[in-house]
Amino acid sequence: MKENALGKSNAKIIWFGEHSVVYGKPSIAMPLYSVDVTAEIERTAAGQQIKCRYFDGPINEMTDNLKGVRVLIGTLLDVLGNRDLPFMLRITSKIPSERGMGSSAATSVALIRAFYHLFEVPLSRGRLLELANVEEKITHGNPSGLDAATASSDMPIWLIKNEINEQISFHLSRPCLVIADSGIKGKTGQAVSLVHDNVVDEPDLAIPLINQLGEIATLARHALATSNESLLGTLMNQSQDHLAELGVSTSTLDLFCRIARAHHALGAKLTGSGLGGCMIALAANHADAQKISTALRQAGATQTWIQSFRNYDISTGEKNDNLVK
0 MKENALGKSN AKIIWFGEHS VVYGKPSIAM PLYSVDVTAE IERTAAGQQI
50 KCRYFDGPIN EMTDNLKGVR VLIGTLLDVL GNRDLPFMLR ITSKIPSERG
100 MGSSAATSVA LIRAFYHLFE VPLSRGRLLE LANVEEKITH GNPSGLDAAT
150 ASSDMPIWLI KNEINEQISF HLSRPCLVIA DSGIKGKTGQ AVSLVHDNVV
200 DEPDLAIPLI NQLGEIATLA RHALATSNES LLGTLMNQSQ DHLAELGVST
250 STLDLFCRIA RAHHALGAKL TGSGLGGCMI ALAANHADAQ KISTALRQAG
300 ATQTWIQSFR NYDISTGEKN DNLVK
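Here numbering that gives the first Met the number 0 is used: position 47 in the sequence shown is 46, and no number is missing along the way.
Simulated from the structure, these hints should not be mistaken for lab results.
The calculated lysine-lysine pairs, modelled on BS3-like cross-linking and capped at a C-alpha distance of 25 Å, are:
1. 184 / 136
2. 136 / 93
3. 50 / 136
4. 136 / 186
5. 93 / 66
6. 50 / 7
7. 290 / 93
8. 93 / 184
9. 66 / 7
10. 136 / 66
11. 7 / 93
12. 93 / 186
13. 186 / 160
14. 50 / 66
15. 1 / 50
16. 186 / 66
17. 136 / 7
18. 184 / 66
19. 160 / 136
20. 93 / 50
Now the in silico label distances, taken between C-beta atoms and shown as ranges:
21. 196 / 1: 50 to 60 Å
22. 229 / 81: 52 to 62 Å
23. 66 / 89: 16 to 26 Å
24. 77 / 21: 29 to 39 Å
25. 289 / 77: 45 to 55 Å
26. 123 / 161: 17 to 27 Å
These numbers were taken from a predicted model, which means no experiment stands behind them. Where is the CB? At the ideal position from N, CA and C, for every residue including glycine.
Turn these sequences into a full structure, and let the hints steer you where they fit.
Put into structure tokens, the structure is as follows:
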């Protein structure tokens with residue numbers, strides 16, 4: 000066993016398929032490598048302590064809002080065979096909470112990796128996702144698995160609810176994603192209920208929009224694999240139009256999309272459930288991304304991030320990091 004250990008993970012955004020994924024349509028989620036979570040463990044003489052942005056003290060005194068993390072830590076110690084191990088655990092997260100960026104799942108993935116690193120035990124991807132689900136079930140009730148799968152991945156995730164959850168190849172070189180935080184917490188439950196009501200009350204309007212969002216996700220998968228950045232941008236714009244028609248966009252998110260496009264974004268849309276949260280824009284290159292980021296901050300975005308891509312071909316296992324300077 001090591002004296003110190005480290006585990007990392009990253010945030011996620013839903014690139015395509017918000018809300019339509021609930022109705023059996025495909026979705027694509029993207030890991031955000033620059034928005035990460037780090038879990039550091041140091042063995043100590045006595046006690047089990049945790050320090051994070053929500054709590055600082057003994058793990059057994061963690062409040063109920065952190066029950067998922069507390070239970071996960073206990074499960075990991077049981078699985079790894081040392082329930083009484085004394086340690087200090089420090090969690091550092093760059094992910095804003097309640098923005099649809101997978102904060103809880105990313106924390107779980109970082110924790111699991113750190114403990115397996117500490118105990119020097121091999122960790123398969125399947126086992127990682129199984130353990131992450133321990134926390135996610137407590138925190139979210141009935142998780143799709145999308146957040147944990149993306150938080151632990153180098154590649155986009157292709158998800159069809161209860162059917163497929165897999166990593167997919169993509170090939171992009173110069174484009175970048177710009178993510179802008181509106182500063183308003185997302186309202187997932189309210190947004191999901193709103194769309195459901197639309198499907199029930201106005202099926203002639205809502206169901207075609209749901210179907211079109213699913214078709215867009217399928218086209219986007221092909222565009223990712225063939226480096227068709229122009230098509231990706233067009234599909235993002237179409238998605239935003241459909242999501243706005245479903246009622247889950249906001250005046251702030253609409254404004255951010257217009258500003259991004261006015262500064263040469265290839266496409267822009269909300270990400271996640273909507274009614275708050277974040278917007279994403281696809282820039283042709285890093286210079287454009289910086290201009291878009293600046294304009295969005297000037298318009299009121301509380302935070303922005305620029306995501307360069309890491310190309311990955313899952314058929315060969317070859318990864319090429321393209322970090323535009």
